[in-house]
Amino acid sequence: MYGRTSASCSFYKNAQVATQYGNQVSILLAIELIWNLCEVLFIDAAPAGSLLLHLLDWVRLHKADVDEKAREVLQSESPAEHHDYWDVVVSYVLQGRLDEARHMLVKQATLQPAARKMYKLMDSLLSKMPFYNPGGTQTLTEFDVKWRHWHEEVDRCLQDSSFASNRHLEIICKILVGDEDTLLEHKELLSTWYHFLVTRLLFSQPTVKPTELHYYAQSCMTMFLDSRSVPEPLDNILLAAFEFDIHQVIKDCSIALNNWWFVAHLTDLLDHCKLLQSHNLHFGSNLREFLLLEYASGLFTHHSLWQLAVDYFDHCPEFGRVYLELQIERVPVDTERKALKVLRICEQRQMSEQVRSICKIMAMRGLRNNRLGSALSWSIRAKDAAFATLISERFLQDYCAKGTFSDLDLIDNLGPAMLLSDRLTFLGKYREFHKLYEEKRFREAAKLLLSLMTAKIAPRSFWMTLLTDALPLLEQKEVIFSADQTYELMFCLEELTSSLNSAPPSADRPMQEEDIELTKVELLRLALARNLAMAIVKEGTVET
Amino acid sequence: MENVNAKYVSQKVSRTRWKPVSVSTLQQPDVFAAGSWDNEDNKISIWSIGSNGGSDMDDGFEGDPQLLCEHKHDGDVLDLQFLDQDRIVTASSTGAVSIYRHHQNSQTISLAQHWARAHRYPCDNAPCTGVVCSSPEIVTVGEDGRIIVFRADQEAVIRVIENADSSTIHAVTYLRTTEILTVNSIGQLKLWDFRQQSNSPSQILSLSGDRVPLHCVDRHPNQQHIVATGGQDGMLCVWDVRQSSAPFSLMEAHSAEMWEVHFHPTNPDHLFTCSEDGSLLHWETSSQSDMPSFLQGGRNTSMMSRSAMAPAGGNQSLVNAWLSGDSSKGRLETTHMLPSQTLSVNSLDVLGQFEGTSPVVGAGEVSREAAAEDSGRMQR
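In order, the protein sequences belong to chains X and E.
The opening residue of the first sequence carries number 0 in numbering that gives the first Met the number 0; numbering runs sequentially from there.
The opening residue of the second sequence carries number 0 in numbering that gives the first Met the number 0; numbering runs sequentially from there.
If you're looking for bench data, these hints aren't it; they were derived computationally from the structure.
Where hints are given, some of them may not hold.
List time: in silico EDC-like cross-link candidates among lysine to aspartate or glutamate, alpha-carbon distance up to 16 Å [as the list claims (entries may be wrong)]:
(1) Lys428/X <-> Asp411/X
(2) Lys337/X <-> Glu39/E
(3) Lys359/X <-> Glu346/X
(4) Lys337/X <-> Asp276/E
(5) Lys382/X <-> Asp209/E
(6) Lys519/X <-> Asp468/X
(7) Lys173/X <-> Asp154/X
(8) Lys42/E <-> Glu69/E
(9) Lys273/X <-> Glu38/X
Non-contacting residues of chain X with respect to chain E, defined by C-beta distances greater than 12 Å in every case (computed) [stated by the list, open to error]:
(10) Leu55
(11) Ser164
(12) Phe243
The C-beta atom is built at its ideal place from N, Cα and C for all residues, glycine as well.
Here chain X stands alone, though its shape is the one from the complex (with noise of 0.2 Å):
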């Protein structure tokens, strides 16, 4: 039971995925036969002459089913007796592929000895029929004369009925002299109206020129589609290319498609061709950055096509960087990887807000989870100085809480990067200051220590640790601070109580921790004391 109802679930998704890809198949069809429209009409501007030979290859080449049907019939035992045998020779015929056709009609001519006459002239007049050459030396209107004779010439066989014994001859006749109501007996054979207008002019006005496609075009679209079939959105959309209308075109696939990707690469192309500069905007910039901006919007907002985006902002003269500048930040991160790969974008195109905005979100990212080195390498690399003295606090308040450094790798290892912030510098120094005396060199540590305060480096709030961090260093056995150095820290000390005690007593403060704080200053000016006095009869000593 359960075997079933997954298997026909299966069949379902796989139905639903086969329509899908059948409808993706569709629209890129359609999307590369008004491609290759465009091609020829605009890009190549072919002028009359050359414009049919390129419209017939552009038929051609998206009517292909026609060679697939003629190596059906072919590769069966008897092609002239295959039932699709007169399809393919009309089918040929229709497309202007005459040694094709007539290769063809050999097979039929071989098995009617009969009509072997009738044959043969078909397959001269299929041979004589003329083609225009670009590049030789034959004139336009040298070529219009030599086409109209052999217009003539079938026109005099089909008046005199030579084919009249064998309709499928005739039929080919009729279509070789244009009959329009012969051609549009063979819908289903053409199959679209373009193909009928192609067919027609071919074997009609084969000097057509540029100006005169969209009429025929229109009159063609007509005469193709019943009266109640209404034109599909392609059909409008290839009708205004036979008009020339550009903008039509794009403003038609723009509704159309279902994605910017065509629109915004044709009219890229067209207007590298300088084929847009006549039309502005009231909006933006021009119409290919409106399309190009429009399209690589959609594919930032792509989990993983995000980066390809990039380039198309950067094509875009006007307004591609303030977009690129307003996307960039909104990239989901989620590992150091994407990160730096979205910070490499940035800093190559100098967006240094950005780069700052991307860095800060990395650092809050490391103090969220508690990862204070990992957020102060992100603050020194946006060069954010309130945020790393931030993180800065947050490492002294946490020396103050255990008494030992955290990440030392990192502080230790600050380098000119300290200087980022007054914070920071503190902490970079203070971390040497606890080196030094780990050493055992005091004087230097001692001398740093005093300088912390002096320089007014250190953060009043923090003036007590340092001077408690001094009573070890007083109490040694040699001397260590000098008599000024001493005086210096008395100096610092009174002007810590002072202020403390001016400030009015705080009630919720209990009485205990007033006393501890108080029992240290006394302790502290006890230690200056008997350090100043030692080291006025050390020095005193040393002078005489």
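Chain X is fixed; fit chain E onto it per the hints.
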């Protein structure tokens, strides 16, 4: 640029690795694994460039990678290593470490083992950035600054070094069987000795001053004290971990992040690097430092000198080759292996058994994967 095959795979590839070939078989490597990143559904996949891989004759020419099988992967594949012939270890952006088994008979992949949230913050997942293994031991590192040691077939974690690094560890490699080397985002190399119980590194080496993040590291296959790293500035650094705490030589390489560096496993005069700037570089140093200078520099003479050197694998003069790193004297040659492109080359792997080498390139950002075979260059 000879023999470059490219295939579009409709996904962004973050890592590629050749499947190891057993030394006994006289066989060219022809199977590799790839992991994707930043896709809606990420995958690991196994590809073959051998003629036996795909039976389809019409589909692609010889050497065109054929997909053998694939398996869904939770999160970005940030690193990928073959544990042995048919097991693959992956590092995920979800912090998970997984072992996948490639069943060669049925050409399927199944999940063999999974450590969810191996790397984590107190209340979130932390991406696992690197993995290295020497069967059955597996070592992983992550953005949480932890180093974790696993054993395949054993569910419990063997060892965790908490707070091994205050910043992100980007890559890890074995130095010896008990020693590993990690690189981090503040330009430090740390040596860890697993014989010691302490949770601090036995040695820290660092780039002076600049704190340039390092992204990749590889060890010289014969001389374990020689290590190459690459970082954010695209510079190739060669270190001697015995002697100095700063890099021995720095060489300009790429204009953006270097994502991977690998010595050629059997011919360590050659080294390969790839970068965010879209280039894949082949570095070649002529090992004969004691050779008269007039014989150096020329293409033909360097070929000659190499053929003379090749049998003497771990010769002393090899040391000098990388450690001097003197590109100005023409001892070091670099070649671009890919035609110019703008999107990142995320990964490379090189596997050489005999006279051929085959770096695999996962050019992730162009959804392309190229297996660049460079055998012509490396022959004899």
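Cross-check of the supplied hints:
1. Lys428/X <-> Asp411/X: Roughly 9 Å between the alpha carbons, so the hint for Lys428/X and Asp411/X holds.
2. Lys337/X <-> Glu39/E: holds (15 Å)
3. Lys359/X <-> Glu346/X: holds (15 Å)
4. Lys337/X <-> Asp276/E: With a Cα-Cα distance of about 15 Å, the restraint between Lys337/X and Asp276/E holds, given a limit of 16 Å.
5. Lys382/X <-> Asp209/E: holds (14 Å)
6. Lys519/X <-> Asp468/X: Distance of about 11 Å is within 16 Å: holds.
7. Lys173/X <-> Asp154/X: holds (8 Å)
8. Lys42/E <-> Glu69/E: holds (7 Å)
9. Lys273/X <-> Glu38/X: holds (14 Å)
10. Leu55: Non-interface label stands for Leu55/X: nearest chain E Cβ at 30 Å, farther than 12 Å.
11. Ser164: About 47 Å separates Ser164/X from the closest Cβ of chain E, which puts it past 12 Å; holds.
12. Phe243: holds (36 Å)
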